[in-house]
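Visitor: Chains as they are written, first to last, in numbering that gives the first Met the number 0: chain A, 0 to 140; chain B, 0 to 177.
Each hint should be verified, as a subset may be incorrect.
Quick look at which bits of chain A chain B covers, simulated, 3 or more residues with Cβ under 8 angstroms [claimed, not checked]:
id, stretch
1, 5 to 19
2, 36 to 45
3, 105 to 112
No wet-lab data here; the hints were simulated from the structure. By construction, the Cβ of each residue, glycine as well, lies at the ideal position given by its N, Cα and C atoms.
These are the residues of each chain, in order.
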Amino acid sequence: MSEHKGEPWLDRQLRRAVGGDTPSFDAESWKRRHRDEYEALLARAGQSGRGRVRWVWGRRGAGLAVAAAVILAVGMFLTNEPRRTIPPEDLVAASPAEMMNMMSLRLAYEQGGFDGLDRQLLSTLDEFGPRSLGVPSWRLF
Amino acid sequence: MEDRSDNLLVEQAIRGDGESFTELCRRYYGPLVAIGHAILGDRHLAEDAAQEAFAKAAAHLPRLRRADQFGSWVAAICRNEARGLYRARRRSQIDDQRPREEAPAGSDETGEAVKAALKGLPEDAREVVFLRFYDGLSYDQISAVLGISEQAINGRLRRAKRRLAELLRRHGFDEVEL
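This is chain A alone, in the form it adopts within the complex (with noise of 0.2 angstroms):
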């Protein structure tokens, strides 16, 4: 009666084909037949932290470290940065009428685009027909 070829009889021939004397290196013919690339990896002892520093940046570890404190950073800076401040020649609204124009204009414009920028518009004239006593025409416009 033939033997069952199942996986565990598949196993056995290919620890026969593949299988042979578990490879041993041989440290001693290796220096000396690579000499030179042993002696680069020894002199490397004697060097500066130079390489350590290329080591240590080359981590993963350290590569998030450093992008979190530079996110961090600029962070801190956005957010500690004075507020700007327009100086009056800069101003690109010559009056009050004209700013607050501009400002419902430019809100209008984000919330309902070019109809929404048209209603503004209507309103805003709608609005400035009764004007304060205490304000002189010559600010409203």
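Given chain A, put chain B in place with the hints provided.
Guide: Chain B in isolation, oriented as in the chain A frame:
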């Protein structure tokens, strides 16, 4: 020495500790010879490829970015060395001049058929079979060398065995069933 982890040995080798590097070579020599053998089909050339890989690793060790990837890094170097040797051998037709590797004791028709079937496997499948059966490496050890999960190794090995069974059936071993 055996207690030192690969990571520690790599870090010490990068700092120029020759003994740590040779210890790493001892640990990875078997797997590298298995990889070389899977590509070259020749034990002696496979040992040459493994030793050349260690020489290149010694020269370029500071380029290794992660100590825990030493195994897969040096295995990739060995794979390249073995492919280079394979191409050189094909070019110079040494294959015909070099005495064929002796078949292991007890080799028979089945053994020859299994060897022929192994040659029909894709390289990555043949590699995992050699790593598993050459030196009886555990999945964990194979994982360190191939840089893939144990689950992936299991899947690759199962596919390789199914393919081998199929190839053996074609060679007349009708009763091989997996």
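Visitor: Compare the structure with the hints numbered earlier in the document and write down the numbers of the violated ones, lowest to highest.
Guide: Violated hint (a single one): 3; every other hint is consistent with the structure.
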